[in-house]
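Participant: Listed below, chain by chain, are the residues.
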Amino acid sequence: MKTTECLIVGAGPAGMRAAKRLLDAGAEVTLIDRSDMLGGQLTKQTHMFFGSEKQHASKRGIDIMQLMIDDIVNHPKLTVIKNATVVAMYKDRVVGYVIGETYHRIQANAIVVAAGASEKAIPFENNDLPGVYAAGAVQTLMNVYGVKPGHKVLMVGSGNIGLIVTYQLLQAGVEVVKLIEAADSIGGYLVHASKIKRLGVDIETNMSVKRAIGKDEVEAAEIWRLDEAWQGIEGTEEIIECDVICMAVGLAPLTELLQQMGAKIMYVRELGGNVPVIDKDHRTSIERVYACGDMAGIEEASSAMMAGEIAGLSAAVDLGYHVENYEDDVARLRHELSNLRDGPHGEKIRLGLKKLGVLS
Amino acid sequence: MRIKNHPILGFKARKTITFTFDGKTYQGLEGDTIASALHAAGVRKLSESIHRKRPRGFYCAIGNCASCNMIVNGAPNVRTCITPLEEGMDVRMQDGKGRVE
Chain A
1 MKTTECLIVG
11 AGPAGMRAAK
21 RLLDAGAEVT
31 LIDRSDMLGG
41 QLTKQTHMFF
51 GSEKQHASKR
61 GIDIMQLMID
71 DIVNHPKLTV
81 IKNATVVAMY
91 KDRVVGYVIG
101 ETYHRIQANA
111 IVVAAGASEK
121 AIPFENNDLP
131 GVYAAGAVQT
141 LMNVYGVKPG
151 HKVLMVGSGN
161 IGLIVTYQLL
171 QAGVEVVKLI
181 EAADSIGGYL
191 VHASKIKRLG
201 VDIETNMSVK
211 RAIGKDEVEA
221 AEIWRLDEAW
231 QGIEGTEEII
241 ECDVICMAVG
251 LAPLTELLQQ
261 MGAKIMYVRE
271 LGGNVPVIDK
281 DHRTSIERVY
291 ACGDMAGIEE
301 ASSAMMAGEI
311 AGLSAAVDLG
321 YHVENYEDDV
331 ARLRHELSNL
341 RDGPHGEKIR
351 LGLKKLGVLS
Chain B
1 MRIKNHPILG
11 FKARKTITFT
21 FDGKTYQGLE
31 GDTIASALHA
41 AGVRKLSESI
51 HRKRPRGFYC
61 AIGNCASCNM
71 IVNGAPNVRT
81 CITPLEEGMD
91 VRMQDGKGRV
101 E
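So the sequence lines, in the order shown, correspond to chains A and B.
Start counting the first sequence at 1; every next residue gets the next number (our numbering).
Start counting the second sequence at 1; every next residue gets the next number (our numbering).
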């Protein structure tokens, strides 16, 4: 069986930043990802990021990704395993992964798990028809492969993903017929919402999908108004002609691997569902196993980067490395994270982290 | 279904890759996954639900959901959304859960 000093599962923003910190400390790192590209979901983020200078604000996600890759990829102590899906994790830090049809094993002294999240769906009649796509999938199709998802799109959900993907659909030359939101107000940043409104996209709140219409694929959607209890109101139905219903209704952390390993898990609605119980240094309940990024609670790429750094630093210290300026660096990262989580948009995440015991 | 003009992304000219889907010849581009090539060619149904045989298409695009599992070069349950397209691939719709030969 292969061995490595530190294994990082997932080469998105959290995993790559953790790798950088571990490599800087002198550790030998293996970075494993199921895709054939490094970058995770940053591979399709064509929009400019907000936040602080240190987290590359006003650069596009795809450019931030390239910077992070360049930062680590030629390091002599880094091994990258691509096209490899991790399918098993055990308490003795043995990890099983599949490449093509072959099963491999690797044992690590420390593991940073940054497996990301999967997109949620909502129940309605015919929600399994081809043409009902998750928003991230639409982004992948357009921005990674250069393929349009369809001709006319109904967007469901007004969080930042729904707003940004709407804008990206327009950039790709696809019509967005309407954006609907079940809550009574727009969920994402108003700057994103204003941008798509200026481009003529109608945003309606208190609305949801009643059913998708079509036999072999989506031909239209029936939407309806919701009451205060989020129940559909009979008689308010409206038929929207579209060939894509794009679901931007939130994400759920991919905690299955940590569950299998026996790590302590907790349900925290505000963090997206089941999340690993971690301390403020991102240590899970299993010795020398760390969790960060969306898998440790749904946030965004900027916070995933900082959390990845903290997890990487913790792993380096626990592996016995002397990390210069450790205390200052961690304090600065925590400070930046709390800035990012400040204000009304960070309320949910702050509440979730309090439930988890990470914030007091 | 290919994006021709984009304000941010420059899609360079890419090599054509020929493959078959259920015996019919299709063409994709270098850099495509099997599923992105099929979608670009207008194929939206990629599988059927196991019990009720309802049509299933692209859904997550990152290997999470199993909606695009197909038989590729004889091997069932290939996640076509994360499998790079290769010249001459034999891609088929899968019936049920797939069998181990």
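For the record, the hints were derived by calculation from the structure and aren't laboratory data.
Be aware that a few hints might be false.
Straight-line distance between alpha carbons at most 25 Å, and here's what the computed DMTMM-like set of lysine to aspartate or glutamate pairs gives [said to hold, decoys possible]:
1) A/LYS82 to B/GLU48
2) B/LYS97 to A/GLU217
3) B/LYS45 to A/GLU125
4) B/LYS53 to A/ASP342
5) A/LYS215 to A/ASP243
6) B/LYS24 to A/GLU217
7) B/LYS53 to A/GLU219
8) B/LYS4 to A/ASP63
9) B/LYS45 to A/ASP63
10) B/LYS12 to A/ASP70
11) B/LYS53 to A/ASP70
12) B/LYS53 to A/GLU217
13) A/LYS215 to A/GLU228
14) B/LYS45 to A/ASP243
Participant: Report the numbers of all earlier hints that the structure fails to satisfy, in ascending order.
Facilitator: 1, 4, 9, 11 and 13
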